[in-house]
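Asker: These protein sequence lines are chains D and E, in that order. Under UniProt numbering, think of the first position of the first sequence as 1, with each following residue one higher. Under UniProt numbering, think of the first position of the second sequence as 1, with each following residue one higher.
These are calculated hints, taken from the structure and not from any lab test. Just so you know, not all the hints are guaranteed correct.
You can't tell identical chains apart in this list, so a pair holds if it fits in one copy or across any two.
Stated by the list, open to error - Dumping the calculated PhoX-like pairs for lysine-lysine here, alpha-carbon to alpha-carbon at most 20 Å: (1) Lys-232 to Lys-107; (2) Lys-195 to Lys-31; (3) Lys-232 to Lys-305; (4) Lys-412 to Lys-471; (5) Lys-374 to Lys-107.
Number of protein chains: 2
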Amino acid sequence: MLPVASALPFSQALMAAPDSPRGALAREIEKGRDADIARLREWIALPSIAAENRNMREGAQYMAGLARDAGFTGVEVIATDGHPGVFGVMDNGAPTTLGLYFMYDVKQFDPAEWSSPPLEGRIVDKPGWGSALVGRGAINQKGPEATLLAGLHAMRRAGIRPPVNLVLLAEGEEEIGSPHFRQLATHARVLPALKKCAGIFIPACWQGPDGEVSINLGAKGVVELELVASGKAWGRGPTGDIHSSNKASVDSPVWRLVQALQTLVTPDGNTAAIDGWFENVRPLTAREKELIAISAASSDEAKVKQMMGVTHWIDDLPFEQAIERQASQPTVNIEGLVAGYTGPGGKTILPGKAVAKLDLRLVPNQTRAEAERKLRAHLDAHGFPDVEMNVSGGYDPTEVSENARLIKAQEKAYAAMGVKANLYPRLAGSWPGSTFTAPPVSIPATQFGIGHGSGAHAPDEYFVIDSTNPKVAGMSGAALGFVELIYQLAAT
Amino acid sequence: MLPVASALPFSQALMAAPDSPRGALAREIEKGRDADIARLREWIALPSIAAENRNMREGAQYMAGLARDAGFTGVEVIATDGHPGVFGVMDNGAPTTLGLYFMYDVKQFDPAEWSSPPLEGRIVDKPGWGSALVGRGAINQKGPEATLLAGLHAMRRAGIRPPVNLVLLAEGEEEIGSPHFRQLATHARVLPALKKCAGIFIPACWQGPDGEVSINLGAKGVVELELVASGKAWGRGPTGDIHSSNKASVDSPVWRLVQALQTLVTPDGNTAAIDGWFENVRPLTAREKELIAISAASSDEAKVKQMMGVTHWIDDLPFEQAIERQASQPTVNIEGLVAGYTGPGGKTILPGKAVAKLDLRLVPNQTRAEAERKLRAHLDAHGFPDVEMNVSGGYDPTEVSENARLIKAQEKAYAAMGVKANLYPRLAGSWPGSTFTAPPVSIPATQFGIGHGSGAHAPDEYFVIDSTNPKVAGMSGAALGFVELIYQLAAT
């Protein structure tokens, strides 16, 4: 569910040559390059897909093996009521502990839609970026995770102990909304270890074409759900599909769904109209607006629009206000509609059922539980008690203080590498970070990384191995970036 | 596009034993039974599917062969701008000429959904009905058509000339909305032949469980179309699918479609709200209401509801008013909705495009051209000029006078066979009959037949061969029914 990249990239930045005190490690990482690529390719060859119950046990065992190889100890596959997680620690005798959040699962894929086999990890040329490894999970999230492990392998080979202790927690259900992740995070062995961490992050290689990255001070929450109108639940209309000529005397569950849907948003489809939706929405602070203004000023609006395939923001807003909206507004989005006949041409039926797949993004101080409750109450109050609401997953929003030690260390690490990093109030996408930021864990949680890839959830997902863009790191540079963060956190 | 059966069946009736003056032909039909079944099975084995451009030339040639074998002369495959039609005549030197409308195409099918191979024509037991031949086209429309041909074969074998001349016109595009049927009907050889006909009918074996049939004095028209909202046409929102987190700053073509749709109907989804839609809608006449009252009084409402899987009519109307609505009201039906991710679970995308598949049923004096024009004007006037309207086919409504000679002959034929037949003002389904009823052809056009089958357009479509229901004809009885009509028309 983690998005490909922040929707709105940031100002231009240059990737400095790594002639820092970490030069020795840079050379060691370069030596391990072939083994690091092979490790990633082998991992991609074993896809764990929770939605298909595919390779889940195998994937957890494999993740445990990767952790052990990288130097973690006490590595354990931890059962949940769903698919298992993996936990391990690396006690380096340091005063500071850093958490690493991994996911070993990947999104479903259809090989027919790919230009090279999705489990092969073939290396192809990506014009403008360099050579890139193509495969399911390449960027979301095995590529960045394997790259962090590459950094740890290099330190191990060089006989250098990381200057922080590490705690690794991996789940296998991220792509289905992390339904049992709280069980993992509050497990008797895991919780005390997490609480020791100065913060936790998921490796993420999201540099834009100008090398830019963002340091996200939180992320929106989300609820994913289906709304279902059916003759069966309604007690009107047909229970199955019948001939469409009967519309003259029989009610339509499809029209019912359309009417229910249109009560959820303003007529332009852009603002939630669910009763009480904005009660707990906290407006942007002056500081958040300031950070957005900085981002807008240093971003290339035309390039952003071109990448997204859009020509106008909502209400034709200027760029800065569009980013403010992106960071501050909850959304009611229709991911998909399915009813009746969906093939080519037509088929004269009156369908017995209609489904809308929605995602609702939430901002502080909304909560997932509040959102579910209010949507149900809204449907009931507007005369649609029969429209079923099937929630498949979701997270609360997260917030991280810009004064958190992990954030300060990220700023220093990016600066040390000459990477332009903008503080950004809130990722418009969502991730299970609230499991860490909320009690009982209560630690800062965010993303970190340089390097680049794209195509999460899509065909031809890729991760750049050797970058031809001087502003963007390849795999080795990205591995060094993770090492840099470890050193900067120790020193912060 | 022809519906399986009239939505609302009629009063109970008994199928009399055929000890009429046509007894000799009844025995001759019984003798030909095996050959008649074999002829139907062979025809089903060659599916012509216009939407897939499958076996169209072969299907037309096969249809021509069937016509020649049954005694038609001058049989010709006639080219159109689409798929060809077949035309033939049988000049019996009679003062009266009867038209036969056939379709040689069938609906698409997925063998995986069938309990026996859809091209095999396997004969299975259908509890409550008898033995039935299962195959694509069994009831829609090869079964009834082959049954009529069986009657002609029997007459030929018995050396009996039909007491009317026959004109046969078959098309191969009925299942895609008959886009070139007018070309066929107005062809230089065809038009003069059709204009000589006292009327034309499509063989239809739609007896209900109590043996009831209806004599439909017309049928609704229809327009089938897709409404498409897209970022491309709108100039807002994304041109392709993008990550759903962008909903906060980017417009949604899916919400656009939902908003456009909900302007088309009243909030209950049951009455068209398209500007000017009812201008030319003719209310039911006193006679039409009378016919409906007779139908309602002699029908079993509970059984009708059970067959359709509905528990309430629109507005909880009593049965008679529900049938009035069915006969008199134009409809705006959503056949299907397709947008974004339609698979299991969710996928966090903001789709670039959304499609609604609609069928609009039309009543006299609406026309297809008027409906298309008004829907476009409505969308434009309500601020949706970008919502594309792609019409795939349609027909005008048809009307036939109850005093037409063909209708009188049908009443007599059913009465002679002891079949309860209700005059019904208007089939709520649609068929290309307006090509016949409108200028320049201008002849009565309707359906006729006894016998039973069901499952048009669905898996396991079937046609009853030997009926175990004493009120319902099997194939031989249905063949005799067609012969009966021929005699009754000659005598009317």
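Asker: All the hints need checking, so say for each whether the structure fits it.
Answerer: Each hint tested on the structure:
Taking CA atoms no more than 20 Å apart as the test, Lys-232 paired with Lys-107 passes in neither setting, with 32 Å inside one copy and 28 Å between copies. In this homomeric assembly, Lys-195 and Lys-31 never come within 20 Å of each other (Cα to Cα): the closest approach is 36 Å inside a single copy and 89 Å across copies. Proximity of Lys-232 and Lys-305 under a CA criterion of 20 Å is satisfied inter-copy only: 14 Å between copies versus 44 Å inside one chain copy. Taking CA atoms no more than 20 Å apart as the test, Lys-412 paired with Lys-471 passes inside one copy only; the shortest distance there is 18 Å, against 89 Å between copies.
Within a single copy, Lys-374 and Lys-107 get their C-alpha atoms no closer than 30 Å, and across copies no closer than 45 Å, so neither meets the 20 Å cut-off.
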